[in-house]
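For the sequence shown, our numbering assigns the number 1 to the initial residue and increments by one for each residue that follows.
Keep in mind the hints are simulated off the structure, nothing from the lab.
Keep in mind that this is a model prediction, so the values were computed, not measured.
By construction, the Cβ of each residue, glycine as well, lies at the ideal position given by its N, Cα and C atoms.
Treat the hints loosely; a few may be bogus.
As a list, the in silico DSS-like pairs of lysine-lysine whose alpha-carbon atoms are at most 30 Å apart [claimed, not checked]:
hint	residue 1	residue 2
1	LYS93	LYS105
2	LYS338	LYS256
3	LYS256	LYS212
4	LYS192	LYS212
5	LYS181	LYS105
6	LYS256	LYS173
7	LYS105	LYS50
8	LYS85	LYS105
9	LYS192	LYS206
10	LYS206	LYS181
What follows is a list of derived Cβ distance ranges for each label pair [what the hints assert, rightly or not]:
hint	residue 1	residue 2	range
11	ALA280	GLY106	52 to 62 Å
12	ARG276	PRO100	22 to 32 Å
13	LYS192	ILE317	34 to 44 Å
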Amino acid sequence: MVYLDLSNNQISGEVLRSEIFQGPYNNGIYSDIALETLNLGFNEIHSLDKYLFQHTPNLTRLYLNNNPIEILDHVTVSALSSAIKLEVLDLSKTDIDSIPLDAFKGLVNLRQIDLSGNHFLNVPESLSLLGNTLQYLTFNNNPLVELNDDSFIGLTSLLELEVGENQYLEEVKRSTFSPLKNLRVLHLCHNKNLRYISHNAFRGLKDRWALKEVYLDDNNLSELSTDLMPWNELEVLGMTGNNWLCNCDLANIVTKQEASTKFKPGKVPFCAAPMRLNGAYITNITISFCPTFDTTFAPKKQFSITDLRPKHVLWSILGVAAVVGIGMICGIIVNAAKAFYKKKLSQPIRYVNINNSESSFA
Numbered sequence: 001m002v003y004l005d006l007s008n009n010q011i012s013g014e015v016l017r018s019e020i021f022q023g024p025y026n027n028g029i030y031s032d033i034a035l036e037t038l039n040l041g042f043n044e045i046h047s048l049d050k051y052l053f054q055h056t057p058n059l060t061r062l063y064l065n066n067n068p069i070e071i072l073d074h075v076t077v078s079a080l081s082s083a084i085k086l087e088v089l090d091l092s093k094t095d096i097d098s099i100p101l102d103a104f105k106g107l108v109n110l111r112q113i114d115l116s117g118n119h120f121l122n123v124p125e126s127l128s129l130l131g132n133t134l135q136y137l138t139f140n141n142n143p144l145v146e147l148n149d150d151s152f153i154g155l156t157s158l159l160e161l162e163v164g165e166n167q168y169l170e171e172v173k174r175s176t177f178s179p180l181k182n183l184r185v186l187h188l189c190h191n192k193n194l195r196y197i198s199h200n201a202f203r204g205l206k207d208r209w210a211l212k213e214v215y216l217d218d219n220n221l222s223e224l225s226t227d228l229m230p231w232n233e234l235e236v237l238g239m240t241g242n243n244w245l246c247n248c249d250l251a252n253i254v255t256k257q258e259a260s261t262k263f264k265p266g267k268v269p270f271c272a273a274p275m276r277l278n279g280a281y282i283t284n285i286t287i288s289f290c291p292t293f294d295t296t297f298a299p300k301k302q303f304s305i306t307d308l309r310p311k312h313v314l315w316s317i318l319g320v321a322a323v324v325g326i327g328m329i330c331g332i333i334v335n336a337a338k339a340f341y342k343k344k345l346s347q348p349i350r351y352v353n354i355n356n357s358e359s360s361f362a
């Protein structure tokens, strides 16, 4: 038996003991079994017995998804670490928010892990121990707010990364993907609040570009930097479901850098702004359209003193003079008012003796 599916059986951790997976009893010991794939998903497991995989030396795929594990305690970590041939581990929807640093110690063959649907605020640092072997990471539906230069540190062997459906994710910062030197496929999709990707998110990778497929669908993006990546070196690009501002930068990406040739059939994104281009395919915009765009969206030009015309200089001087003149007049009025009230307050007080005043009564 190489495949065993025990999912959806309300199994608890107390039921799972090493005896369940031991082979025939020979010469005073229990022999190992040939089990390679074990599915324990959708049960009631909180913890694993330390010796659970003692007799399954060939176990390569373990599915623990949809169990109320919550915390990877030391016995569970010991159980996982003993499965030294493990290649695929599914810990999705297990209510965990952290992974101990030693959780993957000894798992030198682990190449795929799914941590989706949990409570991670950051990508676990413990993943860096898998840097030489981990090739596929799925990190969907977690409450992280940003990705940064610490998120994927050490994961130099990663080939495919999926970060989607993270409803609180707002930005991808500088050097986020820099450690991922061998990344081939990036899924950064369905993050409804993702509005910003730093133009240096792939810092250090552009000269030795390995990415072939990039999916940015269904986020809240409106702009991308022209130098975010070497767009023409991609094979597939997904950008649908965003609020694209069709400005000169986007025109440059789509036309000059040939991004429009990377869209799949029927997956061409639309413009959301400016208003007159709303609903138009972004493949319809060209560099020649740029001068007619609103200046709000035009590329910023470096300021030069030669750009100023004589009348601009004259009006600037007159404006400054007017401001200075008004300021001086206001200052004179304020000083005069102060002097007046000061003088009035300094005058001596006169007293009148009402007893000496003459009065007549009938």
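Right, here's what the structure says about each hint:
Distance check on the hinted pair: LYS93 and LYS105 sit about 22 Å apart at the alpha-carbon level, within 30 Å; holds. Straight-line distance between C-alpha atoms of LYS338 and LYS256 comes to about 68 Å, which puts the hinted pair past the 30 Å bound. Straight-line distance between C-alpha atoms of LYS256 and LYS212 comes to about 19 Å, which keeps the hinted pair within the 30 Å bound. The hinted pair formed by LYS192 and LYS212 meets the criterion: a straight-line CA distance of about 24 Å does not exceed 30 Å.
At roughly 23 Å between alpha-carbon atoms, LYS181 and LYS105 fall within 30 Å of each other, so this suggested pair holds. The straight-line distance between the Cα atoms of LYS256 and LYS173 is roughly 26 Å, inside the 30 Å bound, and the hint therefore holds. For the hint linking LYS105 to LYS50, the alpha-carbon distance of about 15 Å falls within 30 Å, and the restraint holds. For the given pair, LYS85 sits about 12 Å from LYS105 by alpha-carbon distance, which is consistent with the 30 Å threshold.
Proposed proximity of LYS192 and LYS206 is supported: the alpha carbons are some 27 Å apart, at most 30 Å. With a CA separation close to 10 Å, the supplied pair LYS206 and LYS181 stays within the 30 Å bound. Roughly 56 Å separates the CB atoms of ALA280 and GLY106, a value that falls within the hinted 52 to 62 Å. In this structure the supplied range 22 to 32 Å is violated for ARG276 paired with PRO100, their Cβ-Cβ distance being about 56 Å.
For LYS192 and ILE317, the hinted distance range of 34 to 44 Å is not satisfied, since their beta carbons lie about 51 Å from each other.
Of the hints listed earlier, those the structure fails to meet are numbers 2, 12 and 13, in rising order.
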